[in-house]
Amino acid sequence: MEKMQQVVGRARAAFNSGRCRSLEFRMQQLKALERMVQEKEEEILAAIKADLHKCGHNAYSHEILGVLGELALAMDKLPSWAAPQPVKKNLLTMRDEAYIRPEPLGVVLIIGAWNYPFVLVMQPLVGAIAAGNAVVVKPSEISENTARLVADLLPQYLDRELYPVVTGGVPETTALLTQRFDHILYTGNSTVGKIVMAAAAKHLTPVTLELGGKSPCYIDTDCDLAVACRRITWGKYMNCGQTCIAPDYILCDPSIQSKVVENIKETLQEFYGEDVKSSPDYERIINKHHFRRILGLLEGQKIAHGGESDEASCFIAPTILTDVSAESKVMEEEIFGPVLPIVTVKSVDEAIEFINCREKPLALYVFSNNKKLIKRVISETSSGGFTGNDVIMHFFLSTLPFGGVGNSGMGAYHGKHSFETFSHRRACLIKDLKMETTNKLRYPPGSQKKVDWAKFFLLKQFNKVRIGLIALGLLGIVAAVVIKVSCF
Amino acid sequence: MGRGNPYAGLVRRLQATWLSGKTRPMEYRVAQLEALGRFLDEKKQDILEATASDMGKVRGGPGTGGPHGQRSRGAALPTALPTHVDKNLVTQLDSAFIRKDPYGVVLIIAPWNCPIYVILVPLIGAIAAGNCVIVKPSEMTKNSERLVAEALPSYLDNDCFAVVMAGVQETTRLLENKFDYIFFTGSSSMGRIVMAAAAKHLTPVTLELGGKNPCYVSDTCDVQNVARRVAWGRFFNMGQTCIAPDYVLCSVEMQEKLLPALREAITDFYGPKPQESPDFGRIVGDKHFQRVQMLLRSGRAVIGGQTDEKERYIAPTVLVDVLPSDPIMQEEIFGPVLPIVTVANVDEAIDFINSRERPLVVYAFSSDDKVVNQVLERTSSGGFCGNDTLMHVTLTSLPFGGIGNSGLGRYHGKFTFDTFTHHRGCLHRGMGREALIALRYPPYSQQKLGLVRAASEVKRKGSCLLL
Numbered sequence: 002m003e004k005m006q007q008v009v010g011r012a013r014a015a016f017n018s019g020r021c022r023s024l025e026f027r028m029q030q031l032k033a034l035e036r037m038v039q040e041k042e043e044e045i046l047a048a049i050k051a052d053l054h055k056c057g058h059n060a061y062s063h064e065i066l067g068v069l070g071e072l073a074l075a076m077d078k079l080p081s082w083a084a085p086q087p088v089k090k091n092l093l094t095m096r097d098e099a100y101i102r103p104e105p106l107g108v109v110l111i112i113g114a115w116n117y118p119f120v121l122v123m124q125p126l127v128g129a130i131a132a133g134n135a136v137v138v139k140p141s142e143i144s145e146n147t148a149r150l151v152a153d154l155l156p157q158y159l160d161r162e163l164y165p166v167v168t169g170g171v172p173e174t175t176a177l178l179t180q181r182f183d184h185i186l187y188t189g190n191s192t193v194g195k196i197v198m199a200a201a202a203k204h205l206t207p208v209t210l211e212l213g214g215k216s217p218c219y220i221d222t223d224c225d226l227a228v229a230c231r232r233i234t235w236g237k238y239m240n241c242g243q244t245c246i247a248p249d250y251i252l253c254d255p256s257i258q259s260k261v262v263e264n265i266k267e268t269l270q271e272f273y274g275e276d277v278k279s280s281p282d283y284e285r286i287i288n289k290h291h292f293r294r295i296l297g298l299l300e301g302q303k304i305a306h307g308g309e310s311d312e313a314s315c316f317i318a319p320t321i322l323t324d325v326s327a328e329s330k331v332m333e334e335e336i337f338g339p340v341l342p343i344v345t346v347k348s349v350d351e352a353i354e355f356i357n358c359r360e361k362p363l364a365l366y367v368f369s370n371n372k373k374l375i376k377r378v379i380s381e382t383s384s385g386g387f388t389g390n391d392v393i394m395h396f397f398l399s400t401l402p403f404g405g406v407g408n409s410g411m412g413a414y415h416g417k418h419s420f421e422t423f424s425h426r427r428a429c430l431i432k433d434l435k436m437e438t439t440n441k442l443r444y445p446p447g448s449q450k451k452v453d454w455a456k457f458f459l460l461k462q463f464n465k466v467r468i469g470l471i472a473l474g475l476l477g478i479v480a481a482v483v484i485k486v487s488c489f
Numbered sequence: 039m040g041r042g043n044p045y046a047g048l049v050r051r052l053q054a055t056w057l058s059g060k061t062r063p064m065e066y067r068v069a070q071l072e073a074l075g076r077f078l079d080e081k082k083q084d085i086l087e088a089t090a091s092d093m094g095k096v097r098g099g100p101g102t103g104g105p106h107g108q109r110s111r112g113a114a115l116p117t118a119l120p121t122h123v124d125k126n127l128v129t130q131l132d133s134a135f136i137r138k139d140p141y142g143v144v145l146i147i148a149p150w151n152c153p154i155y156v157i158l159v160p161l162i163g164a165i166a167a168g169n170c171v172i173v174k175p176s177e178m179t180k181n182s183e184r185l186v187a188e189a190l191p192s193y194l195d196n197d198c199f200a201v202v203m204a205g206v207q208e209t210t211r212l213l214e215n216k217f218d219y220i221f222f223t224g225s226s227s228m229g230r231i232v233m234a235a236a237a238k239h240l241t242p243v244t245l246e247l248g249g250k251n252p253c254y255v256s257d258t259c260d261v262q263n264v265a266r267r268v269a270w271g272r273f274f275n276m277g278q279t280c281i282a283p284d285y286v287l288c289s290v291e292m293q294e295k296l297l298p299a300l301r302e303a304i305t306d307f308y309g310p311k312p313q314e315s316p317d318f319g320r321i322v323g324d325k326h327f328q329r330v331q332m333l334l335r336s337g338r339a340v341i342g343g344q345t346d347e348k349e350r351y352i353a354p355t356v357l358v359d360v361l362p363s364d365p366i367m368q369e370e371i372f373g374p375v376l377p378i379v380t381v382a383n384v385d386e387a388i389d390f391i392n393s394r395e396r397p398l399v400v401y402a403f404s405s406d407d408k409v410v411n412q413v414l415e416r417t418s419s420g421g422f423c424g425n426d427t428l429m430h431v432t433l434t435s436l437p438f439g440g441i442g443n444s445g446l447g448r449y450h451g452k453f454t455f456d457t458f459t460h461h462r463g464c465l466h467r468g469m470g471r472e473a474l475i476a477l478r479y480p481p482y483s484q485q486k487l488g489l490v491r492a493a494s495e496v497k498r499k500g501s502c503l504l505l
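For the protein sequence lines, the chains are C and B, in the order given. The first sequence begins at 2 in this note's numbering and counts up by one. The second sequence begins at 39 in this note's numbering and counts up by one.
Please keep in mind that the hints were generated in silico from the structure rather than gathered at the bench. Yeah, the Cβ is synthetic: ideal placement off N, Cα and C, and Gly gets one too. What you were told as hints is all true, and nothing was included just to trick you.
Quick list of in silico lysine-lysine cross-link-like pairs, DSS-like style, CA-CA up to 30 angstroms:
| # | chain 1 | residue 1 | chain 2 | residue 2 |
| --- | --- | --- | --- | --- |
| 1 | C | LYS330 | B | LYS216 |
| 2 | C | LYS78 | B | LYS138 |
| 3 | C | LYS450 | B | LYS82 |
| 4 | C | LYS376 | B | LYS216 |
Ranges between beta-carbon positions, derived for each pair:
| # | chain 1 | residue 1 | chain 2 | residue 2 | range |
| --- | --- | --- | --- | --- | --- |
| 5 | C | ALA199 | B | PRO310 | 50 to 58 angstroms |
| 6 | B | ARG491 | C | GLU309 | 31 to 39 angstroms |
| 7 | C | LYS450 | B | GLN130 | 55 to 63 angstroms |
| 8 | B | ASP385 | C | GLU381 | 52 to 60 angstroms |
| 9 | B | ASP84 | C | PRO87 | 37 to 45 angstroms |
| 10 | B | ASP385 | C | GLU334 | 51 to 59 angstroms |
| 11 | B | ASP385 | C | ASN288 | 48 to 56 angstroms |
| 12 | B | ARG211 | C | GLY297 | 33 to 41 angstroms |
| 13 | B | ASP407 | C | SER380 | 43 to 51 angstroms |
Please work from the sequences and hints to get the whole structure.
So, in structure tokens, the structure goes:
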């Protein structure tokens, strides 16, 4: 507890010193971070491989590429993101300065997750630094190699007081959460999300919670099944299903169920070969606890493909379940593993109803050639994000805010949305000490005439029409005179 | 059958309506907003009378949502359309947009100091955003509460809107239910309770709280104008305004000039006997009257200081010789009392402000732009207003909200609509171009990785991602 107090206290003192406010400083830190990712690429890939058995290609494209892209964007756009934004004025404020000023929040906490251990601390970190904050980084202890690496590397490249890394498990995180932060971004599950928000409530700390849920994937009968299944296979089994936006389960008409299974089987063969276990491109379950949890979900299910496992290496083969009942265990919790249940529905109406009677998911997927159908599913459901005719991809477009809704989370980040999440948009109005005549309208004693004039001044918004100082002054004087006269 | 939650049935009913999709179509939302407009027009007199009898006023006072109401209704709907976003190279041929989805069933809890207005502005935004809404007006302003509970349901669709009259105990039970958004205006201590309750259901919140809004007056300024603007802001609504200048920071010399100017302004506004002025109200309840009366013991009253318990009247008061450790400097005053704390210079004022919780607004008065900017740049607050008080909230293009202890989230104008919508990132791709997409599929060869790296190098300037 004391250690946490010290770490956070130092970060706060460093923030209060003001040195992370200047754009130059922030750019310098972002550049250093970029250098770190480029120079230490091998070490980063090795750590991720040790944690998740992830091959270089995947580790690079899932984790490093994203961070480099985010860094490049932030460095390019920082001056425009950080600039004060003038706003539309009304008649009363015509001669004033009115703008929104993005300001740092202070000391923010980023709690990462183990499934994409590098990118899930680094991507928010980029936004938090860009916004001018001090940042306490807490990588997940479950992906211990990456956590250790992040704790080693960050102090070598970044300002040590402003961006400390805290390692540890549940007790350390609990102690950390008793401290006061100015924003907390947490990636993980809903249960812990509630704990984080409850801790934040004690300090009125705003939170961004990137949680999870069961992301449904509806396959319409009118679609190119081969293409759809290939894309779904890629998204489902990447990282061994341990992706918050993986298509969790499939909804489709019973008439295409077996074709779906066939197509996925074929694709799996293409991707991982005959013996999946020996494919260098197939990951492993993070630990024994999750391994046993996922295997438990297979009990009583019709396994159409896969099901093989090896506890020693935490290997679970890509598995497909058919005719799954909505009440079964595998349909109750987020699977977060390479098990794909297929639940049959007779129509898109039934699919929509199925989706809506469950918690709002992080992602929703629909495959169909029918644009109207896709539009209909989007407008009649709710989810964090959506991709039509593919999976996962909305995550990679940084102009789209990435986040959940309801049980799948609150708030969003990526690209400019990260900068906004970690900034306070302060409303500023700077008036003149002169021009007192117009103010007389609002001072007591009150009158109906004053109310009418006030309405006139407030309701008219002027951006393009310019009224000169003289004209405004005249209006004000006329108003004041009219009111004085009418009082007699 | 155990003792269930008394509001569970109501919340369930509104949830069922929400799931039916009734509130989603634009036509429906427009119809409800028009009905709300009719409520404002037809019940204008009742609204004025209710707020007047609750707040002890005959005329004037916080509006009934006039400018904001109309502005919000006008601005709301165009922003409901999905916004298309810039795409990267990979998604060039796709459709990428941000949809503004309603949350579902939202709860609006209103404070007593602005009983109708602070219900209506968020309500307009919530309706425009397509939500079902439960409104809980403040139980402390009984007339306004009754008016809203009796009149509003006859204008709005009762399948989708409800008004709950509830005291502290009942509100606690109301908060046990799951809402899809909670919008709360009130004190920081209540704010914590609301957020803790929201955390149990992972409900996002906007908390419009309060604090002590400092008002720095530099030595170079037009004292008459400053005094008028500060007095107006302080005594408006009997000081029961979350954005009122709570206390003044100035030098001893400025204090000497400010006092006579304040006295003159108060007399101009309320006459020689403010108790008889129709523009000066009363404290909302006995508890608050006693609370503010106690605070008068800090420092020394050089203007006002008189009270009348029967009427819950407290005279427009200015206190001097106030110490930072005095009781009046420990809590938000929320009354017609203005303490002056003297500081040597602007640096000391800034340090003073920064050593306390971040307020809803910081005010700074100076004819020297540099001084105003210094205070702006070296402090942190929800909002900032230079050379005037309260006015920044009349500009609906500015977001209104706090930071730290003064709140989280923001509203007014289009920000209200954005508050009550989930911004859903959507990508709509085609089924073709599978050959291009194949780069992302295993098995991964060195060649594939090389291509990926090469592609990303080329595009890094434009921050694109090829998978």
